[in-house]
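Based on the sequences and whatever the hints tell you, model everything.
2 protein chains.
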Amino acid sequence: MTREKYNEQVEKALAYFEKAHIVLTEEEKENVEVADFGKNMVDELGLQLVVYINTDRVCAKEMVLLPYQTCPEHKHIPTEGMSGKEETFRCRYGEVYLYVEGEKNTEQLQAKLPESDVTVFHEIVLKPGEQYTIMPETLHWFQAGKDGAVISEFSTRSTDETDVFTDKTIIRETKIEE
Amino acid sequence: MTREKYNEQVEKALAYFEKAHIVLTEEEKENVEVADFGKNMVDELGLQLVVYINTDRVCAKEMVLLPYQTCPEHKHIPTEGMSGKEETFRCRYGEVYLYVEGEKNTEQLQAKLPESDVTVFHEIVLKPGEQYTIMPETLHWFQAGKDGAVISEFSTRSTDETDVFTDKTIIRETKIEE
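Taken in sequence, the protein lines are chains A and B.
Residues in the first sequence are numbered consecutively from 1, following my numbering.
Residues in the second sequence are numbered consecutively from 1, following my numbering.
Heads up, a few of these hints could be off.
Pairs count within a copy or across copies, as identical chains cannot be separated in the list.
Claimed, not checked - Below, in silico cross-link-like pairs of lysine-lysine (DSSO-like), each with a Cα-Cα straight-line distance of 30 Å or less: (1) 127 with 12; (2) 39 with 12; (3) 112 with 168; (4) 29 with 127; (5) 146 with 175; (6) 75 with 127.
To be clear, the hints were calculated from the coordinates, so they are not data collected in a lab.
This is the structure we're talking about:
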């Protein structure tokens, strides 16, 4: 991703945080992260986030998904002797289509099929104030609806580097071309 | 506390959540908790809260403090073989005066001295977007400023029943007179 595109995503994310009335410090605004999963189509496959805290035991983040932007399918495996990450997503703004392992429970998915491999289709729709907890080692992917979404994540320690993605062409670390 | 007073506190808390633009489900609104610490002066010593999630590993809450209302001094000790609770407070609305163990760093406390025993006076002032992490077994107490406060808490499992309060007349469980 170019630096220009990265900064563009940050600006878009800040506008969403404002719409959702999430107050950030100046330092946090300067450190909004953009993940493009190495696919070079960040508006389709990507995520913008602010990490509030990530200690050995607890992590909290605020995430922004642009309209129909997808966080690709992955799971959290045990890392450094600790159980995999457990995470709760709470929708603060917009609408989130979350897919987890389990019986396919709808004929017509609310989400558009993303440009990366997906294999789980148990659909959970989250509107503002609604939340869902994903236990460790459970495959999941999620997408925002037409208005984008702001999502709070409450979890155990975040170790993105050991996340296992279904689409093996994904690279979790974002590379910025200067 | 009477049921009437309890309901009054719930209504006040809901007004604060609205001011802070925190969206709650109808079920959450009906389950706002009020803690009076058994002191029968809930407007001075008390706390209103909504628990989003509390699993074996992760807890997230949204708390309301009314103007100058204080959560009395306590610490989180190891429980059921697990380390004590680690918690991060993030101010979403208003102003919070937080006191933890450590050097007294101000001549004049921002908080009013509460009607329960306090022994730690290292002051941290949190405005919206600011946060502070309290490690296990650290004594702490906190109070809202004149406009009240809304605080998000991200933590390990919450086990209120083993919290150790400095004021030994405190009872953590709220009793409602019907």
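Here's how the hints hold up against the structure:
1. For the identical chains of this complex, residue 127 and residue 12 are neighbours both inside a copy (20 Å) and across copies (25 Å), given an alpha-carbon limit of 30 Å.
2. When the C-alpha separation of residue 39 and residue 12 is checked against a cutoff of 30 Å, the pair qualifies only within one copy, where the shortest distance is 19 Å, while the shortest distance between copies is 48 Å.
3. Proximity of residue 112 to residue 168 under the C-alpha cut-off of 30 Å is restricted to the intra-copy arrangement: shortest distance 20 Å within a copy versus 58 Å between copies.
4. When the C-alpha separation of residue 29 and residue 127 is checked against a cutoff of 30 Å, the pair qualifies both within a copy, at 25 Å, and between copies, at 16 Å.
5. For a Cα distance limit of 30 Å, the shortest separation of residue 146 from residue 175 inside one copy, 28 Å, qualifies, whereas the shortest one across copies, 46 Å, does not.
6. In the homo-oligomer, the alpha carbons of residue 75 and residue 127 lie at most 30 Å apart inside one protomer (23 Å), although the nearest pairing across protomers, at 36 Å, exceeds that limit.
The structure fails none of the hints (numbered hints given earlier).
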